[in-house]
Every structure is written in structure tokens, then in C-alpha cells.
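Given these sequences and hints, build the entire structure.
For the record, the sequence lines run as chains A and B.
Read in order, the letters of the first sequence correspond to residues 0 to 301 in numbering that gives the first Met the number 0.
Read in order, the letters of the second sequence correspond to residues 0 to 301 in numbering that gives the first Met the number 0.
It should be emphasised that the hints constitute simulated quantities derived from the structure, not laboratory data.
Incorrect hints may appear among the rest.
No copy is singled out in the list; a pair is fine if it fits within one copy or between any two copies.
[Claimed, not checked] Simulated pairs of lysine-lysine, BS3-like, Cα-Cα distance not exceeding 25 Å: (1) 204 / 190; (2) 248 / 198; (3) 190 / 287; (4) 274 / 190; (5) 216 / 290; (6) 19 / 84.
Listed here are the chains, written in short residue letters.
Number of protein chains: 2
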Amino acid sequence: MSLLVVGTVAFDAIETPFAKTDKIIGGAATYICHSASFFSKNINLVSVVGEDFPNKAINSLKEKGVDVKGLQIKEGRKTFFWSGKYHNNMNSRDTLKTELNVLEDFDPIVPKQYTKSEFLMLGNLMPSVQKRVLEQMQERPKLIVLDTMNFWMDNFMPDLKEALKNTDVLTINDDEARQLSGEYSLLIAAKKILTMGPKYLIIKKGEHGAILFGEDKMFYSPAVMLENVIDPTGAGDSFAGGFIGYLAKTKEITFDNMKKAVVYGTVLASFTVEKLGIESIENIEEEKVNKRLAEIRSVVSF
Amino acid sequence: MSLLVVGTVAFDAIETPFAKTDKIIGGAATYICHSASFFSKNINLVSVVGEDFPNKAINSLKEKGVDVKGLQIKEGRKTFFWSGKYHNNMNSRDTLKTELNVLEDFDPIVPKQYTKSEFLMLGNLMPSVQKRVLEQMQERPKLIVLDTMNFWMDNFMPDLKEALKNTDVLTINDDEARQLSGEYSLLIAAKKILTMGPKYLIIKKGEHGAILFGEDKMFYSPAVMLENVIDPTGAGDSFAGGFIGYLAKTKEITFDNMKKAVVYGTVLASFTVEKLGIESIENIEEEKVNKRLAEIRSVVSF
Numbered sequence: 000m001s002l003l004v005v006g007t008v009a010f011d012a013i014e015t016p017f018a019k020t021d022k023i024i025g026g027a028a029t030y031i032c033h034s035a036s037f038f039s040k041n042i043n044l045v046s047v048v049g050e051d052f053p054n055k056a057i058n059s060l061k062e063k064g065v066d067v068k069g070l071q072i073k074e075g076r077k078t079f080f081w082s083g084k085y086h087n088n089m090n091s092r093d094t095l096k097t098e099l100n101v102l103e104d105f106d107p108i109v110p111k112q113y114t115k116s117e118f119l120m121l122g123n124l125m126p127s128v129q130k131r132v133l134e135q136m137q138e139r140p141k142l143i144v145l146d147t148m149n150f151w152m153d154n155f156m157p158d159l160k161e162a163l164k165n166t167d168v169l170t171i172n173d174d175e176a177r178q179l180s181g182e183y184s185l186l187i188a189a190k191k192i193l194t195m196g197p198k199y200l201i202i203k204k205g206e207h208g209a210i211l212f213g214e215d216k217m218f219y220s221p222a223v224m225l226e227n228v229i230d231p232t233g234a235g236d237s238f239a240g241g242f243i244g245y246l247a248k249t250k251e252i253t254f255d256n257m258k259k260a261v262v263y264g265t266v267l268a269s270f271t272v273e274k275l276g277i278e279s280i281e282n283i284e285e286e287k288v289n290k291r292l293a294e295i296r297s298v299v300s301f
Numbered sequence: 000m001s002l003l004v005v006g007t008v009a010f011d012a013i014e015t016p017f018a019k020t021d022k023i024i025g026g027a028a029t030y031i032c033h034s035a036s037f038f039s040k041n042i043n044l045v046s047v048v049g050e051d052f053p054n055k056a057i058n059s060l061k062e063k064g065v066d067v068k069g070l071q072i073k074e075g076r077k078t079f080f081w082s083g084k085y086h087n088n089m090n091s092r093d094t095l096k097t098e099l100n101v102l103e104d105f106d107p108i109v110p111k112q113y114t115k116s117e118f119l120m121l122g123n124l125m126p127s128v129q130k131r132v133l134e135q136m137q138e139r140p141k142l143i144v145l146d147t148m149n150f151w152m153d154n155f156m157p158d159l160k161e162a163l164k165n166t167d168v169l170t171i172n173d174d175e176a177r178q179l180s181g182e183y184s185l186l187i188a189a190k191k192i193l194t195m196g197p198k199y200l201i202i203k204k205g206e207h208g209a210i211l212f213g214e215d216k217m218f219y220s221p222a223v224m225l226e227n228v229i230d231p232t233g234a235g236d237s238f239a240g241g242f243i244g245y246l247a248k249t250k251e252i253t254f255d256n257m258k259k260a261v262v263y264g265t266v267l268a269s270f271t272v273e274k275l276g277i278e279s280i281e282n283i284e285e286e287k288v289n290k291r292l293a294e295i296r297s298v299v300s301f
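Laid out in C-alpha cells, this is it:
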């Protein structure tokens with residue numbers, strides 16, 4: 000089994016009602032890799048950074064078994080930087096600053112030894128870049144999961160719809176599901192989205208859990224109830240990493256196994272939001288993961 | 000077993016993105032009684048209406064086994080009227096008009112034969128009125144469930160806190176739980192509220208489900224996913240009616256049995272929102288209820 004992860008590796012600066020950071024390590028692929036590495040030590044990364052990106056952060060990925068041959072390091076250039084401010088309810092945020100830097104002209108080059116990866120996670124990125132990765136795969140992966148966001152729907156909808164045609168699982172939040180489908184009811188929205196390409200759809204609802212649709216079935220996982228949410232950044236990426244990591248490990252692409260993958264994704268995301276940046280997802284303990292999985296199972300049983 | 004329901008019987012006028020009504024039958028106690036009657040034909044109602052309130056609506060309650068000796072009909076006066084407009088997302092609403100009418104000086108008189116009711120549902124009402132009912136009970140009911148809302152927290156918090164001291168189960172929504180506790184985390188909010196009197200707390204989250212807290216345990220029920228939500232009015236009341244109706248029928252006041260009561264409440268509320276006013280909850284079919292219960296069980300199992 001091999002898992003290819005494509006997405007941003009970046010600097011973030013985050014402001015929440017409880018904390019404010021300078022530039023810290025972030026990026027969708029960073030969260031995805033750390034989260035997926037809980038299940039798999041055979042992860043290939045395709046991304047880009049500038050020469051200002053610290054070796055320490057790259058080494059931290061390597062230590063988790065992430066192969067970084069596909070991580071381009073652009074000399075004389077700067078790493079993608081995003082800065083955002085979360086509102087009081089932590090469910091919405093404003094982007095304060097986006098410096099694309101190396102992302103501006105990012106051409107994802109998939110190293111030859113990655114082009115037969117069985118599992119492909121296309122993290123939140125410009126849809127045309129996601130498509131460029133798909134085109135380089137020598138064999139169609141067994142499972143392609145694509146994450147995206149409202150920004151790409153606002154500005155690159157045709158490209159996104161094109162990328163979706165080759166996707167197996169799409170992960171988006173509830174507002175994005177409504178935007179993509181033009182339907183308010185999530186049930187109707189899901190039906191519509193499942194005609195656009197993806198065979199499975201996961202609607203992430205933050206503190207309200209996540210819903211998996213596909214094969215005319217539905218599965219719902221509540222979120223882990225937390226006393227302290229410090230920083231929601233990367234929650235969706237950690238979810239996606241846990242989801243595809245579990246599937247890559249177990250190799251069983253069925254609705255039943257995806258349910259468990261959704262719960263694992265939910266659990267891994269719950270750790271991410273408890274600390275700033277990747278601090279928590281970088282240091283996951285198996286015992287704690289199993290405890291939260293058991294909590295979710297118990298909280299819904301009647 | 001006997002169940003006493005106290006709450007408003009009223010006229011509503013409702014505006015949603017999909018519909019607009021003239022005066023239709025509404026009121027918390029109306030929804031609660033219809034919903035609870037799915038489980039029990041031994042319901043006593045204490046409320047008040049004006050002479051303008053149609054006999055037909057009273058007879059519809061009687062047909063469900065609701066005893067209306069405690070329903071005061073005030074000659075020469077008008078029934079409580081509320082009019083509201085739901086926003087596009089159906090999760091929030093503005094009150095357009097409130098005519099208290101007979102509610103202005105409502106003195107709830109509990110008929111002697113009701114004063115030993117074993118189950119008491121205090122529907123959303125002025126807290127001092129809820130307290131007046133409690134004072135008239137000859138024997139403390141086995142279970143007292145109290146529903147309330149932000150309006151009473153804004154204007155009558157001391158009275159509400161007084162009423163809570165004698166409550167077993169409090170049902171409120173997530174915003175109200177935050178307002179009542181002053182805490183943002185629902186987990187911390189719940190802990191705090193459970194020191195105010197109630198032994199159990201149910202936080203209703205609308206389309207995002209409901210959470211039961213108590214005995215240091217937690218239970219979560221997702222809402223039924225619906226293609227069409229027409230009118231959310233009375234959803235919380237239908238939930239409360241289903242919850243206490245099921246407990247009154249089964250008579251087992253344990254956390255485990257309350258879980259099932261929460262799921263039944265969730266299912267009954269799901270019917271209410273699919274049609275305008277009480278149209279749906281007035282005509283509940285057992286088969287459909289059982290089907291939705293099975294759906295909830297299946298959607299969370301992994």
C-alpha cells in the first residue's frame with residue numbers, strides 16, 4: 000500500500016479569541032501527512048516550499064515515514080503564507096492575508112516512483128493543480144479523495160467540476176455542499192453532488208460531526224465533544240488524513256470500512272483543534288485515539 | 000401513569016422562505032400534547048385560551064386522549080397570538096408580533112385530580128407560571144421536565160433559576176445553554192447547568208441533533224435528515240412531548256431509557272417540521288415513527 004498526498008506546506012499566522020501566533024508551520028498536506036501517518040508509514044508527499052521553510056519541519060515529516068522527494072524547495076523564494084482570524088464561535092473565520100509566493104506558479108511534479116500509488120489524497124489546492132497530479136498517475140489509484148473549499152468554487156468552478164469527474168470521495172463542509180449543489184437540504188445536495196463524479200461524499204460539519212453519503216446509504220459520526228477548542232485550523236485536513244490513512248492501511252474500500260475511516264478522521268481532527276497549529280497532530284498517542292473512538296461509539300448507542 | 004402538560008395553546012402566523020400562513024393553531028402545549036399522545040392516552044392539560052379559539056382544535060386534542068378540564072376558556076378575551084418569520088437557513092427567526100392577550104394574567108389552576116400526576120411537562124412559559132404549577136402539586140411528580148427559551152433568560156433569569164431548582168430535566172437549545180451557563184463549550188456549559196437543579200440536561204441543536212447529559216454520562220442523537228423542512232415551529236415542543244410521553248409510557252427513569260426517549264423525541268420533531276403548524280404531528284403514523292427510529296439507529300452504527 001502506498002499513499003500519495005498532494006497539498007500545501009505552508010506558514011500560517013492564526014488569531015483566535017484565545018490565542019495569536021506568529022508564523023507557524025501549517026498547510027493542508029502537513030496536517031494530512033501527520034494525521035495519515037498514524038496509520039501508515041508509507042506516505043509520499045508532493046508539494047512546494049521556499050528556501051525559508053525550516054528543515055526541522057521537513058524532518059518531522061520524514062520521521063513519520065513521509066517521503067519528501069516530491070517536495071520541491073524553491074531557492075530564493077518564499078513559502079506560501081496564510082493568516083486568518085477566527086470569530087468568537089470558532090465556526091467561521093476571515094482571511095487576513097494570503098501570500099501565494101511559491102504557490103503562484105506551482106507545477107506539481109509527481110516523482111516516477113509515486114505514480115503508481117494506490118491511494119491519492121488531493122488536499123485543498125487550486126483544482127487545475129489537482130488535475131495536473133491526476134494526469135501524471137501511471138495507474139489509476141484505487142481511491143482518490145479530493146478536498147476543496149468555497150474559494151475554488153467562487154473562482155474556479157469549471158476546473159473544480161472537471162477535477163471532480165475523476166474523484167472517488169469528495170470532502171467539503173455543509174456550506175460548500177450547498178454552494179456546489181445549489182440545494183439547501185443536505186440530503187438533496189448530496190444526491191446532486193453524487194452525480195458530478197464522486198461515488199462518495201463526506202460533509203464535514205465541524206463541531207456538529209460529519210456525514211458520509213454513498214451507495215444509497217448514509218452514515219453519521221458526531222464530533223468528539225471538547226472542553227477547549229483552541230485552533231480549528233487544519234481540522235478538515237486532519238480529518239482527511241485520518242480517513243484516507245485508515246483506508247490505505249486496511250485496504251478495504253467499502254461503505255462499512257469508510258464508516259470507521261470517518262470516525263477515525265473525526266477523532267484525529269479532535270486532537271488538532273485542541274492545540275495551536277500542528278502541535279497536537281504531530282504527537283498523537285494511540286491510546287488516546289482508541290479512547291476517543293470508544294467514546295464516539297458509546298455516545299451514540301441506544 | 001398520568002402526564003400533566005402545562006404550556007401555551009395559541010394562534011401562530013408563520014412566514015418561512017417557502018410558506019406564509021394566516022392564524023393557525025399553535026402553542027407549546029398543543030404540540031407537546033399531540034406528540035406525547037403517540038405514547039399515552041392519559042394526558043392532562045393546563046392552559047388558557049380566549050373565546051376565539053376554535054372548538055375543533057380542542058376536540059382534536061380530546062380525541063387524542065387529552066383531558067381539557069384544566070384548559071381555561073376566557074369569555075370576551077382573545078387567545079395568545081405569536082407571529083414570526085424564519086430566515087433562509089430556518090435555524091433562526093424574528094418575532095414579528097406577540098399579543099399576550101389571555102396570557103397576560105394567566106393563573107394556572109391545576110384541577111385537583113391532576114395534582115398527583117406522575118409526570119409533569121412544564122412547556123415553555125413564564126418561569127413564575129411554571130413555578131405556580133409546581134406549588135400546586137400534592138405529590139412531587141416522579142419526573143419534572145422543563146422547557147424554556149432565551150426570552151425568559153433575558154428578562155426573568157432569577158425566576159427561571161428558581162424554577163430550575165425543582166426540575167429533573169431541562170431542555171434548551173445550544174445558544175440557550177451557552178447563555179444560561181455563560182460558557183461557550185457545551186461540555187462545560189452542561190456541567191455548570193447540572194449544578195443549578197436539573198439532574199439531566201438536553202441540548203437541542205435543531206438539524207444537528209440533540210445531546211443528553213446526566214449521571215456523568217452523555218448521549219447523542221442525530222436529527223433525522225430531511226429533504227424538506229417547511230416550518231420549524233413546534234419542533235422543540237414536539238421533541239419534549241415525545242421525550243416525556245415515552246418515559247410516561249415506559250415509566251423507567253434511567254439514563255438508558257432516556258436515550259431512547261431522546262431518539263423518539265427527535266423522530267417526532269422530524270415530522271413536525273415537514274409540514275406547517277400541527278398538521279403533521281396531529282396525524283402521526285406508528286409505522287413511520289418506527290421507520291425513522293430504525294434509520295437513526297442505522298445511520299450511527301459502525
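Comparing the hints with the structure gives:
1. 204 / 190: both (17 Å within a copy, 24 Å between copies)
2. 248 / 198: So residue 248 and residue 198 pass the 25 Å test inside one copy only (20 Å; across, 44 Å).
3. 190 / 287: So residue 190 and residue 287 pass the 25 Å test across copies only (22 Å; inside, 35 Å).
4. 274 / 190: So residue 274 and residue 190 pass the 25 Å test across copies only (22 Å; inside, 36 Å).
5. 216 / 290: For residue 216 and residue 290, only the inter-copy Cα distance (15 Å) is at most 25 Å; the intra-copy one is 27 Å.
6. 19 / 84: within (9 Å within a copy, 39 Å between copies)
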